[in-house]
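> Protein chains in written order, with my numbering: chain A, 244 to 886; chain B, 244 to 886.
These are calculated hints, taken from the structure and not from any lab test. No residue lacks a Cβ here, since even glycine has one placed at the ideal position from N, Cα and C. Hints should not be assumed to be uniformly reliable.
Here are a few chain B residues that face chain A, going by a calculated C-beta distance under 8 Å [claimed, not checked]:
{"id": "1", "residue": "Gly423"}
{"id": "2", "residue": "Val424"}
{"id": "3", "residue": "Leu851"}
The list that follows gives simulated cross-link-like pairs (lysine to aspartate or glutamate, EDC-like), each with its CA atoms no further than 16 Å apart [to be verified]:
{"id": "4", "chain 1": "B", "residue 1": "Lys817", "chain 2": "A", "residue 2": "Glu736"}
{"id": "5", "chain 1": "A", "residue 1": "Lys282", "chain 2": "B", "residue 2": "Asp864"}
{"id": "6", "chain 1": "B", "residue 1": "Lys885", "chain 2": "A", "residue 2": "Glu736"}
Okay, the calculated beta carbon distance ranges per label pair [as the list claims (entries may be wrong)]:
{"id": "7", "chain 1": "A", "residue 1": "Gly698", "chain 2": "B", "residue 2": "Ala684", "range": "28 to 38 Å"}
{"id": "8", "chain 1": "A", "residue 1": "Gln722", "chain 2": "B", "residue 2": "Lys788", "range": "29 to 39 Å"}
{"id": "9", "chain 1": "B", "residue 1": "Lys788", "chain 2": "A", "residue 2": "Ser685", "range": "22 to 32 Å"}
{"id": "10", "chain 1": "A", "residue 1": "Ser685", "chain 2": "B", "residue 2": "Lys802", "range": "20 to 30 Å"}
{"id": "11", "chain 1": "B", "residue 1": "Asp549", "chain 2": "A", "residue 2": "Ser438", "range": "51 to 61 Å"}
{"id": "12", "chain 1": "B", "residue 1": "Asn846", "chain 2": "A", "residue 2": "Ser685", "range": "56 to 66 Å"}
{"id": "13", "chain 1": "B", "residue 1": "Pro820", "chain 2": "A", "residue 2": "Ile500", "range": "37 to 47 Å"}
{"id": "14", "chain 1": "B", "residue 1": "Phe274", "chain 2": "A", "residue 2": "Lys263", "range": "58 to 68 Å"}
{"id": "15", "chain 1": "A", "residue 1": "Ala270", "chain 2": "B", "residue 2": "Lys878", "range": "29 to 39 Å"}
{"id": "16", "chain 1": "A", "residue 1": "Trp576", "chain 2": "B", "residue 2": "Arg819", "range": "40 to 50 Å"}
{"id": "17", "chain 1": "A", "residue 1": "Val674", "chain 2": "B", "residue 2": "Pro820", "range": "43 to 53 Å"}
{"id": "18", "chain 1": "B", "residue 1": "Ala684", "chain 2": "A", "residue 2": "Asp549", "range": "36 to 46 Å"}
There are 2 protein chains.
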Amino acid sequence: MKVAWAGSREAFQLSDRMAKLVANDPAFEKFTRPMLGRKELLKNTLRKAAHGWKLIVDLRLTEEEAKWLRLFIDEPAYTDLHWGMFIPAIEGQGTEEQKNKWLPLAQKMQIIGCYAQTELGHGSNVQGLETTATFDPQTDEFIIDSPTLTSSKWWPGGLGKVSNHAVVYARLIVGGKFHGVHGFIVQLRSLDDHSPLPGVTVGDIGMKFGNGAYNTMDNGVLRFDHVRIPRNQMLMRVTQVTKEGKVVQSDVPRQLIYGTMVYVRQTIVADASKALSRAVCIATRYSAVRRQFGSRNGGPETQVIDYKTQQSRLFPLLASAYAFRFVGEWLKWLYMDVKQRLAVNDFSTLPEAHACTAGLKSLTTSVTADGIEECRKLCGGHGYLVSSGLPELFAVYIPACTYEGDNVVLLLQVARFLVKTVSELGYKKPVGTTAYMGRVASLMQNNCAVQTAEGWLNPGAVMEAFESRAARMAVRCGQRLAKYENPEEGFAELSADLVEASVAHCQLIIVSKFIEKLQQDIPGKGVKQTLEVLCYVYALFLLHKHQGDFLATGYVTPKQASLANDQLRTLYSKVRPNAIALVDSFNYTDHYLGSILGRYDGNVYPKLYEAAWKDPLNDSDIVDGFHEYVQPILKQKLRTSKL
Amino acid sequence: MKVAWAGSREAFQLSDRMAKLVANDPAFEKFTRPMLGRKELLKNTLRKAAHGWKLIVDLRLTEEEAKWLRLFIDEPAYTDLHWGMFIPAIEGQGTEEQKNKWLPLAQKMQIIGCYAQTELGHGSNVQGLETTATFDPQTDEFIIDSPTLTSSKWWPGGLGKVSNHAVVYARLIVGGKFHGVHGFIVQLRSLDDHSPLPGVTVGDIGMKFGNGAYNTMDNGVLRFDHVRIPRNQMLMRVTQVTKEGKVVQSDVPRQLIYGTMVYVRQTIVADASKALSRAVCIATRYSAVRRQFGSRNGGPETQVIDYKTQQSRLFPLLASAYAFRFVGEWLKWLYMDVKQRLAVNDFSTLPEAHACTAGLKSLTTSVTADGIEECRKLCGGHGYLVSSGLPELFAVYIPACTYEGDNVVLLLQVARFLVKTVSELGYKKPVGTTAYMGRVASLMQNNCAVQTAEGWLNPGAVMEAFESRAARMAVRCGQRLAKYENPEEGFAELSADLVEASVAHCQLIIVSKFIEKLQQDIPGKGVKQTLEVLCYVYALFLLHKHQGDFLATGYVTPKQASLANDQLRTLYSKVRPNAIALVDSFNYTDHYLGSILGRYDGNVYPKLYEAAWKDPLNDSDIVDGFHEYVQPILKQKLRTSKL
């Protein structure tokens, strides 16, 4: 199962090696993190980042190994943006000349960069950004400026304190005319003494959710007061501005940008399965350690993992972690496919791939965020302790629901694509994940044939149920939209329902990719059978949760829905004996999990007790402030005491 | 509307006065809280608590006023447990003699106490507590002992650093025999120098979720090594141990303890409406300030509150805040009613009142916890900043889902009561909130008669829909349970479905109390009409969300469910013009809200910008750690530098 989770034996060995490298290096200790003040916290992160970079250089790690190393260090840092956004932006949007100049500097970290897109007043609406880049033909320069308070760049990670360069997105103004939003390489700080350059105001935006969490990152604020940069620092792969002030489009297809989006979102889906599996691993292991109620004749109490209420909340999340893992694997393939097609100017699958990744990004991150919090609740009171690892995991994860496209905005994009697909059914064959729409006539007509609980253990029955529900919801939305004279008005009015149709479509994709995975050869004794159980748990849990959709569209009867729910209970009993093995297969080190409740050895209570005494409040019996603020109350001398 | 929210003109004036008293006193400033280290944080809390107590004494505030004052100080502190648990435990479980001795000391705060029930190994299962209190007739003392690591008291607020006394729950052992779990007043620390008494090990359990949040509280760990206390420090109102070692039950009914539970849970429901309304107030105001997309001809962009996707997530929470407020008000009445009945030994309504409060505690706290996080997401990226107030509100609120009964465990208690009620229908008339079960025959038969979207704007139609759904789900559970030979086994197996039936019952209670409220006289122009809209939003949102239940039980058709959803959209348009007024009616000061996004004056962006510069990281241009850990990377001198 470990190999099935990792994707291949090689992938397993690589990540295992990197995980152990980090776990065994005391430089990456993270227990004290939540107790540090903001300054100490950032300093500590800078230290770890430097140590990590030293290892990468000293051990000559490959790019792939370096990625896993940074992942296991498990602390958001400026390096994430430097490697994950600054360099890719130059790679994707820079000309050959620009790449030759900037990439070597960045790859050796002689310069450190970030990605300055969002502003105080604009996040989702990139076209609404206010920062300006005005071409001055006299000096062959752009003047970068922040004309309003709301145009202040806001949120970019690594910007606040560390980066000396940034790719800045701004409105291109040439000859007094607006030519769209483009990226510009701007130096922010001196390479000598790191002080901000003239005209640049830069700082940190302050504390964020959680104790350590994302506070290890210097998310920044940035204002420009007419800062000048040479013309050749506009990223010009797609659009060029000539010396003479002409704006020229190159023959590079603009769609390239969507290829990058597919890539980034694919990594976000992969991260979702990692975060969710960590939380599930903690909650599952602790649920086997924790006992409560049910003692018979003074014997031990029942392990909480044996309660059906616990199973019905935990096991669907375990199944989701696997489902997201496999759909993430498939997205990796999709990205390669899109890349190959783009290379030969084939854009035919791009809209579908774009909608599909947008939807999957939205769905997996939302479920993961909620799932982490659910796992925390499944750990009862002790889950609230930072030493459970779950509060930090939650706080550090939730931005994924907002960055790279707000999850609701993304689902509306999916809905737009679905409605379009439906409206074109007469003359355009739907492709890829929407191919099922081609069978819309039968999907609208046929009804579910399941007659027993066992009847649901059939990939065909499950697929048809999810396809019918998704197709019917999309068609119904299309019909209702058609009643509006102004389609945009209709779209706005029905947007909440459109979002539900998108969710149905995206769930279908995940279910179908899980089923496809099981049609492949999967080595390891009993591995395939165990994964089959999880696949049905995932599908039937969704069927029960969204029973309203399935019943409202008329595809299943109440009786059939009830049979699915009965089968779900049986499936939980099948998951139970394998639950611990299934989370051990994630192969997470105790260091990476960062949770006393989720310790591999199960030695929870003694370690919780031990950890408590390390809190700074326990440095002394009498706490700071007792003499000033409590003693006078006890002695009834508050009136005369100074507060 | 302000009066309707507060409950009465007097209640409004009282809380308004206390809110302003706190907001205008710089001693209660809370902006810097998330930036403090743990020691500074607790010291700051002790200072505020002392200042608050000084105000209470100096201004001779009534008990009611003092409660509001502590609420508006808005910082969990040892005083919450002293006043809210330690004193009430003695009041409820102490004999007259014990009350005469201990209450005056506690009420003047000459002693400070906490409530030590939960242990490292036991939370929900109180009967499984391991701490022992063994009677020693030789010395007329109890020996309090922690025989195992898991018997360590764990979580009690105020225990770690401040309290010098505790009500400790322990297994009473007399003559080698176990006589149940009882409360004992135990002194923990010296009243002279505050050092722990011999045999007492006490400390703080460490950091919890969030930056400030509950870390202002010294939740504690406590172990006893054969600590002796006089016999008369066992709380003996219900059970007495005589000098001779006889265990005697007094004629005080044991049911009294349920009266206290009803009281405590009633306050938790009231707190839920406060926490949810704070979050909703922030998200609503910010949704009116924030604009994104939809600019026409260069005009301003659309306020995000005008998007239907925003409304469909925000307005049901706004309606829930009001619904919880009114059901909380009704619970206050219920508690008075129970108290009066107990006084005349009428226990007939107790099981129903107990089930009802357990269910409402569970439902309102779960919805509130999720609702706060939803409000944070509705604020987009900026909601992730601590200065939005929402991360702290979430982190400080979520324990409510666990304390005073884990929410799932409570719903199972409700289910047990529902199933019992159903099984006794033939010969026992259901009372109170289960009275509708008396009409079970017609509720099982009649189907929904609604034919238009407007048809749903009818209290009778709404009530019957919720009653039918709840009754049918409960009956169905009963029928399925009857198929099991061993009822306990059946209950365990079907527990996930039983929880769903409980939720249906509890939602019905809230809907019905909202409707009852609207049948009363409500002063103020248009107030009643506005509340009616909210009431329908609340009910029809639930109907849509739980469409699966309504369809599966066969009471509504897909067409009728769809009409309800259409009506819901119309209702959102009716809420929109009143949305700001509805949240202003909560009458929260900017101090209490503690949110830049939720500022009354809407001056969000300049204040966010201003606040950023107050982060400690912005004290200097060059951050701590730059020279050691970043400069060597940039200068390519990492190899020779010390890390």
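> When you take the CB atoms of Ala270(A) and Lys878(B), is the distance between them in 29 to 39 Å?
21 Å, violated
> The hint names Val424(B) as touching chain A; please verify it with the least Cβ-Cβ distance against 8 Å.
14 Å, violated
> Does the alpha-carbon distance linking Lys282(A) and Asp864(B) stay inside the 16 Å limit?
This hinted pair holds, its Cα atoms lying about 13 Å apart.
> Could you say whether the range 43 to 53 Å given as a hint is met by the Cβ separation of Val674(A) and Pro820(B)?
45 Å, holds
> At the C-beta level, are Gly698(A) and Ala684(B) separated by a distance inside 28 to 38 Å?
33 Å, holds
> When you take the CB atoms of Asp549(B) and Ser438(A), is the distance between them in 51 to 61 Å?
44 Å, violated
> For the range 56 to 66 Å, tell me whether the beta carbons of Asn846(B) and Ser685(A) fit it or not.
58 Å, holds
> Are Gly423(B) and chain A close enough, Cβ to Cβ, to be under 8 Å, as the hint says?
The hint is violated - Gly423(B) has no Cβ within 8 Å of chain A, the shortest such distance being about 15 Å.
> In this structure, is the beta-carbon distance linking Gln722(A) and Lys788(B) contained in 29 to 39 Å?
23 Å, violated
> Do the Cβ positions of Ala684(B) and Asp549(A) conform to the proposed distance bound of 36 to 46 Å?
With Cβ atoms ~38 Å apart, the hint holds.
> I want to verify a distance hint. Is the separation of the beta carbons of Ser685(A) and Lys802(B) within 20 to 30 Å?
23 Å, holds
> Are Pro820(B) and Ile500(A) spaced within 37 to 47 Å by their CB atoms?
Roughly 40 Å apart at Cβ, these two residues keep to the hinted range, so it holds.
Comparing the model with each earlier hint shows violations of hints 1, 2, 6, 8, 11, 14, 15; every other hint is respected.
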